[in-house]
Amino acid sequence: MVKKVSKSVKHAEKMQKKWQSNQKKPSKSNNSDNPNRKLPGMGEGKWTHVRTKNAIKRLNMYKDKPDYEAMRKQPSGPSRIEPDRKWFGPVRTIDQKSLERFRVEMQQKSNDPRHVLVKSKKLPISLLTDANNETKMNILDIEKYEETFGPKASRKRVKSTSYSYEDLIQQVEENDQKYDPKKDQDLTKHQMLDFKNECRDRRMEAGQSRRIWEELYKVLDASDVIVQILDARNPMGTRSKHVEEHIKKNCPYKHLVFVMNKCDLIPTWLTTKWLRYLNKEFPTIAYHASLNNPFGKGSLINLLRQYDNIHKDKKHISVGFIGYPNVGKSSIINSLKQKKVCKSAPIPGETRVWQYITLTKRIYLIDCPGVVYYHDGRDDTEVVLKGCIRAEKIDDPTFYIHVILQKTNPIHIKKTYGVNEWEDDQDFLEKLAVKKGKLKKGGEPDIITVAKIVIMDWQRGVIPYFNFPPDYKPDEEMNKNKIEASKIGEENIDAQAIEEVNKEIEVKVIQETNEQYKERLANDINKDIKEANDDDIEAENGEEDDDDEEEEIEGEEEDGDDDDQSEEMKDE
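Heads up: the sequence shown begins at 1 in the UniProt record's numbering, then just goes up one per residue.
Rather than coming from a laboratory, the hints here were simulated on the basis of the structure.
Glycine included, every Cβ here is placed at the ideal spot set by N, Cα and C.
Be a bit skeptical, because a hint or two may be false.
Below, a list of computed lysine to aspartate or glutamate pairs in the DMTMM-like style, where the Cα atoms sit at most 25 Å apart [said to hold, decoys possible]: (1) 97 x 84; (2) 414 x 392; (3) 297 x 264; (4) 254 x 105; (5) 249 x 105; (6) 280 x 313; (7) 249 x 215; (8) 182 x 392; (9) 431 x 444; (10) 248 x 281; (11) 407 x 471; (12) 249 x 444; (13) 183 x 245; (14) 343 x 221; (15) 249 x 166; (16) 182 x 382; (17) 254 x 264; (18) 280 x 244; (19) 414 x 264; (20) 249 x 184; (21) 473 x 264; (22) 312 x 421; (23) 280 x 13; (24) 452 x 379; (25) 254 x 100; (26) 63 x 84; (27) 109 x 244; (28) 407 x 444; (29) 337 x 424; (30) 248 x 264; (31) 241 x 224; (32) 144 x 166; (33) 343 x 421; (34) 57 x 13; (35) 452 x 471.
Derived Cβ-Cβ restraints for the label pairs, each shown as a range [claimed, not checked]: (36) 309 x 242: 27 to 33 Å; (37) 340 x 97: 23 to 29 Å; (38) 178 x 421: 25 to 31 Å; (39) 361 x 208: 34 to 40 Å.
Construct the complete structure from the given sequences, taking the supplied hints into account.
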């Protein structure tokens, strides 16, 4: 059968061919639809009232019709695509040498807190990091005993790492040297079970609930810069190693900063030692949170601005403040804003949920409730002394007084409470209750109320105390070395210098020494001074034995020097 074609289709095809032929030939007409037309008088002046070429092409595009023949055509034979990386979209390539060089530099500078990785999204981080080591599975789950030994064995040889008795002994010795009982979890399994099963006061688990941990992880996920607040009196005790390891492992692109708050409660020289120690791991800033007279505010804001300049590709950066309860997270935010924007109080647990605060147009601050890591919260004494629980909620506050008396210099206890002598913690509480007038019926001292007052003073900084860095060497040891060296004759003893050093020791080393130790140290120094003076007198008079010839020679040299100096003084 012959297929009939309608007149309208024929007319459309005829007009299409006519239009295509006209498109191939450049038109010579002066029609307003022709972009190549010649305008009269083009060389005389500018024609501003006529259409431009681009305007005519745009108007002709509106009248254009689709090319049906080109649309109906289908590829008849095989075709080849040109190999070009543009076909794969926005993909970056890197050769193996540059990748290896970049991996080496990353390993060298990744642990340095002074180096920051910029534009991590444009770098092949997945190619630089090694795959995570999977935990070893139980061999009996993979290969059963019947399939390895016996008549149904499916392999000829047993998998063994040692093929001789000597190799087995050597392997056992190496394993014994590598064994660390602190990392063996099997030794502490029963202790963990006993700890879970024992009846413990639920109030001692403050800051360890699931709700608070969810708030913490919200802050960690939303923050570009994480500021961990430490108590200057006990920086290592208020550090959360679990959070630091989590950030290093899962969030290496986030920046961690230490802020040592309450630095006004410890000596300045100790603050500098803590800063030198903590700066080896992360950038550390000493801070004193106050609305009127803050310390360290300019340094912290400058540091946040530096991180803001690093992340210029982002619209803004978020700074999360985390730490133990009652370390001053909300107080630091209030001091940065110079007004009370966060609810703060000198008691733990005041902040309940996370809160966003605007510092600048590009810097946002996030306040987080205090969190206590589970393994750090086992010891009730440490929980109370770190200020993680309120003093009025403790059932038996008298239990923690003896620890406070041990860690505090007796001089400060006497100055704070006016109690000069006590036998034990019970005697101290009774005398303090009588002095403060905290008595029950019949004149019996109320030691529980007084113990809560002492714990509250400890947490709020009324009782001065502090801890030393792990690498700290007391100045007493250096003094003793100087005294021993002076006995040998390496340097002369100056009584005034030793007295000045003694005064420095009394001021600096408050926690480690007591009055008895200071008296004994002063007596030893005086004895050393007397012995040295006696030796000098014997050397001058020449009354020493034959065995001490070297000391006689030194004494004569000293006499000669003194005579020369006296003659010079006479000449002058």
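Against the structure, the hints come out as follows:
1. 97 x 84: holds, 23 Å
2. 414 x 392: It holds: about 24 Å lies between the C-alpha atoms, which stays within 25 Å.
3. 297 x 264: holds, 14 Å
4. 254 x 105: Roughly 19 Å separates the two Cα atoms, so the pair holds.
5. 249 x 105: holds, 19 Å
6. 280 x 313: violated, 29 Å
7. 249 x 215: holds, 20 Å
8. 182 x 392: Measuring from Cα to Cα gives roughly 36 Å; hence the hint is violated.
9. 431 x 444: holds, 11 Å
10. 248 x 281: Status holds; Cα separation ~12 Å.
11. 407 x 471: Measuring from Cα to Cα gives roughly 19 Å; hence the hint holds.
12. 249 x 444: violated, 57 Å
13. 183 x 245: Judged against 25 Å, a Cα distance of about 16 Å means the pair holds.
14. 343 x 221: holds, 23 Å
15. 249 x 166: violated, 40 Å
16. 182 x 382: Given pair residue 182, residue 382 holds - Cα atoms ~21 Å apart, limit 25 Å.
17. 254 x 264: Violated - the C-alpha atoms of residue 264 and residue 254 are around 30 Å apart, more than 25 Å.
18. 280 x 244: Given pair residue 280, residue 244 holds - Cα atoms ~15 Å apart, limit 25 Å.
19. 414 x 264: holds, 21 Å
20. 249 x 184: Holds, because 22 Å separates the two Cα atoms, which is no more than 25 Å.
21. 473 x 264: holds, 22 Å
22. 312 x 421: violated, 63 Å
23. 280 x 13: violated, 82 Å
24. 452 x 379: Roughly 19 Å separates the two Cα atoms, so the pair holds.
25. 254 x 100: Holds, at roughly 24 Å.
26. 63 x 84: violated, 36 Å
27. 109 x 244: holds, 18 Å
28. 407 x 444: violated, 28 Å
29. 337 x 424: With Cα atoms ~47 Å apart, residue 337 and residue 424 exceed 25 Å; violated.
30. 248 x 264: violated, 31 Å
31. 241 x 224: Within the cut-off at roughly 19 Å; holds.
32. 144 x 166: violated, 28 Å
33. 343 x 421: violated, 41 Å
34. 57 x 13: holds, 24 Å
35. 452 x 471: violated, 34 Å
36. 309 x 242: 27 to 33 Å: At 31 Å between Cβs, range holds.
37. 340 x 97: 23 to 29 Å: Distance hint for residue 340, residue 97 is violated at roughly 57 Å.
38. 178 x 421: 25 to 31 Å: violated, 53 Å
39. 361 x 208: 34 to 40 Å: Given about 37 Å between the Cβ atoms, the range holds.
Hint compliance for this structure: hints 6, 8, 12, 15, 17, 22, 23, 26, 28, 29, 30, 32, 33, 35, 37 and 38 are not met, and every other hint is.
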